[in-house]
Amino acid sequence: MGHRPSKHTLQTLETIPQVSLSSGKLFSSWNSLFQGQHLCPHCPQTRHQRWSNILFPYYTESETSDQTSEHQDSKQDLRSPSIYSVIDTVPQLDFYINATATGRYRRSRPSLEVLRKATDDVELGTEGSGEGTAELAGTPESAQGGANNRRKAAAQPVRFGWITGVMIRCMLNIWGVITFLRLSWITSQAGILLTWLIILMSVLVTSITALSVSAISTNGKVYSGGAYFMISRTLGPEVGGPIGVVYSFANAIGCALHTVGFSETVRDLLIEYNAVIVDPVNDVRIVGVATVTMLLLISLAGMEWEAKTQILFFAILMVSFVNYFVGTLIPATPEKQSVGFFGYNSEIFVTNLMPNWRGPEANFFQMFAIFFPSAIGILSGANISGDLKDPEIAIPKGTLMAIFWTTLSYLGISATIGACVVRDASGSMNDSISGNVSCEGMGCNLGWDFSQCEMNQTCKYGLANNFQVLTTVSGFGPLITAGIFSATLSSALAFIVSAPKVFQCLCRDNIYPYIGFFGKGYGKNQEPFRAYVLTYFIAVAFILIGDLNSIAPLISNFFLCSYSLINVSCFHASITNSPGWRPSFKYYSHWVALFGVVISVVLMFLLNWWAALIAFGLIFFLLGYVIYKKPAVNWGSSVQAGTYNMALSYSVSLSGVEDHVKNFRPQCLVLTGPPNVRPALVDFVSSFTKNISLMICGDILMDNDKSVVPQHNIEALVKWLNRRKVRSFYTPFAGASLREGTRSLLQAIGLGKLKPNILIMGFKTSWQECSPHSLEDYISTINDTFDSNYGVCLLRMMDGLDISEDTEGEVNTAFEMEESEDEDHRIQKGDLDKDHVASDDTTKEQIHTVFQNNQGKKTIDVYWVSDDGGLTLLVPYLLTRRKRWRQCKVRVFIVGDQQSMEEQRKEMVSLLQKFRLDVHDVIVMTDTERRPHTKNMMRFEETLEPFRLRDGLMEEVTVQELRKDFPWKVTAKELEALRPKSEKKVKLNEIIRRHSKDAALVLVSLPVPQTDCPNILYMAWLDTLTSGLHCPALLIRGNQQNVLTFYCQ
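According to our numbering, the sequence shown holds residues 6 to 1054 in order.
These are calculated hints, taken from the structure and not from any lab test. Accuracy of the hints is not assured; some may be wrong.
Unchecked claim - Here are the computed lysine-lysine pairs in the DSSO-like style, where the Cα-Cα straight-line distance is at most 30 Å:
no.: 1; residue 1: K635; residue 2: K226
no.: 2; residue 1: K888; residue 2: K919
no.: 3; residue 1: K667; residue 2: K888
no.: 4; residue 1: K919; residue 2: K760
Taking the hints into account, I'd like the entire structure generated from these sequences.
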């Protein structure tokens, strides 16, 4: 179902007139709507009609017959407003139609924004001017388009009901070559009882699958694509794509199977009349290729001709079946008795009840493998679901009825043939006996001595030797031959139609490359002529094998694989408890579907283990490709519902588990603003959280006039993250300031244990130019984060993190913008540009950052000057697990003294080894207590010079007044009291610049802001610690709780 459009979507859809949606403009020219019309602008009925014309214009595409009926049902409702407002509408079918699937634009209900901004004056339209005429000029064109659509409606595609479209088609496909040419032979091998078991087992598998198909097909409108469409829309493209390929291939092989069966019958006739073309094997190939070529031409003629041909075949089949059963009642002539037919006889029936395996490979499962293709036609109706009038009713009803009638026919044929015909007969009239002649075998009791040929295994007739037994038994043999022709040709025709239809749907979904060429449709029914030709060549390739018994087991495995996945679809959709799973067909069970899965897979391996391995190998290969490519489709599959269930269940379960230090993961709330504005910050955090822990990109919205990000902007930013292969959530949040928004995010964001424990921000490079309020907001955010028991990380890069100026996008005021005189102008510009940034940036080429490069054999330098619980060590360890950072060597710098330097180093090495951290070197800094260079200290003081409060010669009262007016400034007393700390920060920066000038990344312990330290001075410390570095620097501080342990419990 399509999504409900926003105002932006309503203004851009071609089906909606271009109307300004602001309350001041929307109806400023109301009277112009009635220009040239004798209508009352204030009459309620006319207003309703006008609103219907504005909100619900004509369709832009031609509608098929089933879609037309839908609109006829709701045509009256299109003019019916709600009792609350003339703009509001009553529930209507057209609002829920999927525009993509039906091939036209969906009518849209008014958005919430339109409903909220509409006033009584707007509804009454009491004011008018000439401005709205041009805006509403789209309505006449829409009316003209509607007239064109009505003219196109004359060429409606062909649609079938449940009898001709599903039941007859399925019965013709089920009654295939096996029915006439192998069922009697299987009865002779397995006996009547085991043959019935084989039939019932096959019917069990197909019936369970039919129930699953019925449930899936009644859970929403089904379009073309048959089994592939149902599986892919239920389980998603990952499973649907592979089964679409396999099922299309299996249908092509099915066409070859039945064509070979037809060719064998023609070959037998040629041998009988001594008209062999080349030899028995090549005759099958020649006739098969000629036959499948004829079937291709019938298919290319269109579905209407194909349907008429199928009805003709069905009529011939009915006559041949009646002819057979009548023939069993006619007394056998001596000629028929010589070939083994004696009419109904209890002795023959009892003898044929038990199996009589013949041949080295004759066994129950071999017989099952040969018979099972005679039951695989149950999806023939579903395969042309796009050509059915009402697939939701036709597929369940027609499929189940087809299974019922064909099962009765199989049971009846196997029982009657086993009660009338002996297993072995010579066909010689000289083998008749009279009087008391000693002989052995069933024929002796019936007046015939077939013992000689039985002993020599030279019998040419009987159930075990003659595939054409049904012709012998029937009242008129040529009718059985006609039935064989009808059964084989109808099944082959159904398969040669089904395979292209399924493959066309697969091609149009663009799941696999290079196959879109075969998805093009032609004519009113969108016939896949190119796919027909492809199916033809696949069928010809298998026809050249020329052996029916070799093709049958192969096709059995492919169809069993398809049936198992159909049952998996039904089972999975049922157990996910998705509210969207509401099939109108109620006679199914997910446990029965699961049983169908198990029995299908077991039978695959029992029938032919190597063919089963090939089938599953092909499916897993295609599955892996789809998972790797991740096609951009969303069909609301049960896999999504199952993922939601698992996530919900695990989240709830995890909430009851106490945290343990061994399972600590850095779960990060990253204040990125729009993620595409700070890609380096996103890439860095993703480097150590991807597939490991939680990452949330937070965007603080500080514009009071725009407290909600449009949905299409959010979707565009999420797509940007996905294309960058960043596993992260994006959460916009409204707040009056950075501090307020972050505080709210820290309190509200997360679900159970899936909650951030670290706040990561970009370093505020504009701290010297920004307003005092902005700086206080930034420092207070850090303070609040520590108060909330979170860790804090600040990432600084030489060129900054914000690329909004390079992309001409909006600068998020939460990070880089400061208050100034033109702040209002910049905020207004941001209003105009933000939509542009979010929507357009995703279409641009992804911006490359340093964190996407291979870092080579550089170093990651960790200045662990304060113990924060181990977070400072954990982050570089997680980085080195990534391919891009794997060659980097971690160096740890600690504070020490010259006298005990070696001892301190050994202690740290021992601690790191206990933590099992791969650290290349530990360096003890012994000069941190020394005074920094004078020039560096002077540079630090010059940085603070604009923020100093000149209170040296002032009285105390004056100083207090200045402090009141300039609370952010630093007094000389504060600078002097904190001078030792400032010197240590400057000295540490000197050490960092000396040792880490070639590092890939520098991590420095973040000093915790104290209450007696002014904000300006604290910010100067942070700036000093990381200044002069050409590599990224991370100021990092945990929450003083252990995140590393060397214990196992």
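Checked hints:
no.	hint	in the structure
1	K635 to K226	holds, 25 Å
2	K888 to K919	holds, 25 Å
3	K667 to K888	holds, 24 Å
4	K919 to K760	holds, 29 Å
Going down the numbered hints, you'll see the structure goes against none, and every one checks out.
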